[in-house]
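Trainee: Read off the chains here:
There are 2 protein chains.
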Amino acid sequence: MNEVSHTGRPRVVIVGAGFGGLTVAKALADTPVDVTVIDQRNHHVFQPLLYQVATAALSPADIASPIRTILKGQRNTSVMLAKATGIDTDSGEVVAGDRRIPFDYLVLATGARHAYFGHDDWEAFAKGIKTIDDATGLRRRILLAFEKAEFETDPEERSRLLTFVVVGGGATGVEMAGAIAELAREALAADFRSIDPTHARIVLVEAGPRLLPVFEEHLSEAARCSLEELGVEVRVSTAVTGCDDAGVLLGDQRIGTRAILWAAGVQASLAGRWLGAETDRAGRVRVAPDLSVPGHPQIFVIGDTAHVLDMDGKPLPGVAPVAKQEGKYLAKLIRTRVAGGDLPPFRYRDPGALATIGRKRAVVQFRRLRLSGYLAWWLWSLAHIYFLIGFRNRLVVAMNWAWTYVSLQRGTRLITGSDPGLDQVASETAITKPHLKGVA
Amino acid sequence: MNEVSHTGRPRVVIVGAGFGGLTVAKALADTPVDVTVIDQRNHHVFQPLLYQVATAALSPADIASPIRTILKGQRNTSVMLAKATGIDTDSGEVVAGDRRIPFDYLVLATGARHAYFGHDDWEAFAKGIKTIDDATGLRRRILLAFEKAEFETDPEERSRLLTFVVVGGGATGVEMAGAIAELAREALAADFRSIDPTHARIVLVEAGPRLLPVFEEHLSEAARCSLEELGVEVRVSTAVTGCDDAGVLLGDQRIGTRAILWAAGVQASLAGRWLGAETDRAGRVRVAPDLSVPGHPQIFVIGDTAHVLDMDGKPLPGVAPVAKQEGKYLAKLIRTRVAGGDLPPFRYRDPGALATIGRKRAVVQFRRLRLSGYLAWWLWSLAHIYFLIGFRNRLVVAMNWAWTYVSLQRGTRLITGSDPGLDQVASETAITKPHLKGVA
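So the sequence lines, in the order shown, correspond to chains P and E. Residues in the first sequence are numbered from 1 upward in steps of one, following UniProt numbering. Residues in the second sequence are numbered from 1 upward in steps of one, following UniProt numbering.
This is chain P alone, in the form it adopts within the complex:
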């Protein structure tokens, strides 16, 4: 079933509406091609701020926009909510369940998920954070730990409930640990009667010798100091050797905890497997210099699921600027090829890096600029608000941050969704016989 009407113009199909895929779609607005964007969710997520949803500082809608809304002005573009399940390279079609979407150019921007270094059984206890549902799930887990601790009489279990272990010392792990520390020491400080949330223990574990390895060493050190001032225990050169329901194993040391937050490894989407292409050990497709898949000049892979080398021969990291620059290049390449021309290979320009530690500190590495502390935090805030898609979201995020900053409160501290831990106590439902209220 060919669902995309054919106008005779080249059909560009983009799978995945993250930073990479969306950049391609937007840059093709005025190109004489028909664009179809396929995503398994109806919204684009600003992933770098997911940790703020998990720590109750922002609402999901503050950092997510419907893909249709972002692209509604582009008459050559349609959006399909569907989960791609494969690629038929012979017929030139994307397979999504029983649907087939034909393409002339295909862009795979299908991203990555967390990885557990071969220990997939850890996932049940050590949750990663890549989607809105991941973030609200983590928020429930963190807030419920405090609620359960308040009425826990066993001191050992109480201390497990008030211990949070963040695994992975990259930007996500550092930001997560800082945000949990502030949640406990500020927003929750006065809310409980039996426990003192400011005594919560937050441990950040990193296998490498220092935090934030993409930053220069003195900035890593500044980040570590800032975290320790917030009360975070930083453990570098420490590998996680086990995760279970009641704690985490670091070699022969065990830390009792009910909340392990995973910000360590990632693995690419299935795109490489769909294509039978050569991948690196993270599952990322080794692409040609024009980002096409060797042997398939019309199929391109970008973002977290592509293995692209920088000028020093090192693979580019899985961050938003890489995906966006690849997306921009690819849109230009498709536009040029449709017009009969060609382009030189893709080249990445490093825009620098930013990471924040709590509500007042950050580290910034931008061209020759190296900054840490308060001014860096302001730069970080402005940059993130600027890059958030949509005027409304920028305004709401700015307002929520201002509110959190001034009041130390967290406005979105809601425990939603089901929790077996709480529902187990419920043996009856709150429903009796009906009440005829004069209607229906």
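A few of these clues could be false.
Just so you know, same-sequence chains aren't split out, so a pair can sit in one copy or run between any two.
No more than 16 Å apart at the CA atoms, straight line, and that leaves these computed lysine to aspartate or glutamate pairs for EDC-like [stated by the list, open to error]: (1) K127 / D244; (2) K328 / D134; (3) K72 / E186; (4) K332 / D290; (5) K83 / D191; (6) K130 / D290; (7) K332 / D30; (8) K332 / E152; (9) K72 / D191; (10) K314 / D350; (11) K83 / E93.
Since the hints were made in silico from the structure, they are not lab data.
Assemble chain E onto chain P, guided by the hints.
Mentor: Quick look at chain E alone, frame taken from chain P:
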């Protein structure tokens, strides 16, 4: 296990932190009693605006506040996240799973859920809206219907997907139908390529002879006209006789739909059953004039789970003003009794009623004032923002409404949570082998 420390002061236990329970707790702030508030959720919900979460105009956090935050300033009050499962009237304890919470005064403010007039099997297809999770579930259902219709090739199924049936012509049903009509005709209008959301069919079904029976007849008529102008089909004197996966049965007529929204009947919580008390057919406890349970002078029931008569001998409706006035009375009664005195019976003062139809019209009935149309809508907006708990929420709601009003957009149009309809197509997960990223 007695978990509440005993200071020697009377212990007031409040089950349920809705409008009623929370009013009691707040009014006891400076009374020499120890207050414990028990709720199965960590947040208070402003139920009258849940329909705006379901129709993507507001975020959950805009209309919900953590109970701990609301009560943090009251040193005599503690909050317990737990699901009450019974009352031991002999020992004077609330039972919550394996916990027991002793009381000297007990306030049951446990609310109500939807009722299906003995057809509990309809619940799977006709969803009600009482909690945040109900609202985000409905939002997913409504938004997914449009997404599925966009790529549906069978015209009959497509029309089913674009038909929304709201059952119940009280305030919730009227507001819901108006909001869905505006969502389809304004926010979504330009977002799709194959379907035209403005052609969506919205049907409001009411068994009684007119909408909004608590209003005067000319206001009911004004509401009907406003809804019809928005494109809603209003069917009064029409009873629902069946609900299934593919439609709703109205006598011998069938309307094909994938989304039935239930705003018809309610049934009280289990409080009456816990107490073995006399209840009406909606399960509401028939209380004494001082809101106590006959035979249990220290146990009180208020709000949607209490059957209280007005001066004409009719039971008071299940609305916020009733619960709040009962709560205020009860706090005063407890304060007076603790001091050795007593109070005359509870008397309800009707503050009037408000209902909104979309973004520009409402009906208002307040003392001698009768208003419909645009000015009524402004009154409705101000009243709702005023009564929303918490400064932050007021500001955010006002801003979101202003934004929706000016832009016709819906900022929170996110489909979250799992949907079997979409996941069925997915035969593989997006995970391959791990990527060792230098950490843990």
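Trainee: If a hint holds in the structure, say so; if it does not, say that too.
Mentor: Against the structure, the hints come out as follows:
no.	hint	in the structure
1	K127 / D244	within (12 Å within a copy, 37 Å between copies)
2	K328 / D134	neither (29 Å within a copy, 41 Å between copies)
3	K72 / E186	between (41 Å within a copy, 13 Å between copies)
4	K332 / D290	within (11 Å within a copy, 76 Å between copies)
5	K83 / D191	neither (43 Å within a copy, 20 Å between copies)
6	K130 / D290	neither (28 Å within a copy, 53 Å between copies)
7	K332 / D30	within (11 Å within a copy, 68 Å between copies)
8	K332 / E152	neither (60 Å within a copy, 33 Å between copies)
9	K72 / D191	between (44 Å within a copy, 5 Å between copies)
10	K314 / D350	within (13 Å within a copy, 73 Å between copies)
11	K83 / E93	within (14 Å within a copy, 52 Å between copies)
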